[in-house]
Amino acid sequence: MSDPVGNPVNTPPNNLMPDNARFQLRGWHLALVAALVALFLLFYKGLWGDPSAIPTVLIGTTAPTFVGPDVVNGSTIDLAQYRGKVVLLNFWASWCQECRIEHENLLALYGQFRSNPDFVMMGVNYQDKLDDARHYLEVYGSPFQHVRDFKGTISIDYGVYGVPETFIIDKQGVIRHKQIGPIVGPTYTLLTDKVLPTLLQGAAAPNAS
Amino acid sequence: MTRLALSLGVAGVALSLAIGAVITAPGPVAWAAQVDETALDDQVREIAKTLRCAICQTENIWESQSTLAAQMRQIIRERLQQGESPEQIKAYFLSRYGDYILMKPRVRGWNWLIWAGPFVLLLIGGLLLSRTLSRWTAAPPDAGTADSLTPLNEPSRRRIEDELRSFDK
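Sequence lines, in order, name chains Y and D. In terms of the working numbering, the first sequence opens at residue 1 and continues consecutively. In terms of the working numbering, the second sequence opens at residue 210 and continues consecutively.
Hints in this document: simulated from the structure, not taken from any laboratory. Virtual Cβ for every residue (Gly too), placed ideally from N, Cα, C. Misleading hints may appear alongside valid ones.
To give an idea of the interface, some chain D residues facing chain Y are shown, with a C-beta separation under 8 Å as derived from the structure [to be verified]: (1) Ile264; (2) Met281; (3) Arg305; (4) Tyr306; (5) Gly307.
Just chain Y, same shape as in the assembly:
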């Protein structure tokens, strides 16, 4: 090194840093790097997945009961009368495209389990016009009953934020499974092969009336 005039500069000896301050890899360095990597992975993971998916808090809690009019004939449907049975509740609407996608599967699922006396399947019509809902059921078929969620109280009781959503309630009246989005592909086989057979084999609670 030299200054602009060309004179050798009084180069500082390499003693600005004491020898013992030279970099050493310490435990907390590793911990810091690990923490940063973990944070990075967390952010990276956040790039994918559905940001609108709300983790449900209802699994394992008692299913809210409801009373409401049947979509087709207006008679009163009361969920409480099905205590002791496995209930599949499907929230749907006529304006919902994904509901149409899963409808065939719902019919097939009902066909598979309808002979079981412990199985009940029920649709909940969500934020819909009555005429549209009836027309939908006429066109696409509805071998099981549908309750009309007139003021959104049923849906909000079940923490529903979009359709389709499907809940499975066990014989004790506890919500055991929730599916957000259409029942297609692996979701369908999960229900038909695992969730429903397991719950249907389960005994009803002794205090079930």
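Position chain D against the provided structure of chain Y, taking the given hints into account.
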């Protein structure tokens, strides 16, 4: 003359804003008169503002136009009329939708990280910085005294003197 045009434009905008302000000034007054704000409306609004619309998740259910938000507001109203407290109503929505429904997450469990995390990181960063800085500025143990420094060589000394002389002039 772009500058003239620009200043004319600015003046025009300012003028029209002023006129607009004068014209619309009575507007909000008339509007407020139309809205019948009862104490119940007030309470509904205060609760609805703390709850997130589950569909349009950046909005609270007071601002949201969605049907779900309207139904939720109706439920708040009915529950208030039944004599429930705002805390009970919020607890109800919380039990249905989880922490997600709150515009402001509760400070508990892992949520502590959200609130304390930035400050913890700031603290760690500050400690590291002060450590590093103190190490940089620490006096080397064998810092030279006046005697131990290499004597100035002749050309440098002459140059310094020249510079000082020219500075005096």
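These are the hints, each one checked on the structure:
{"no.": "1", "hint": "Ile264", "result": "holds, 6 Å"}
{"no.": "2", "hint": "Met281", "result": "holds, 6 Å"}
{"no.": "3", "hint": "Arg305", "result": "holds, 4 Å"}
{"no.": "4", "hint": "Tyr306", "result": "holds, 5 Å"}
{"no.": "5", "hint": "Gly307", "result": "holds, 4 Å"}
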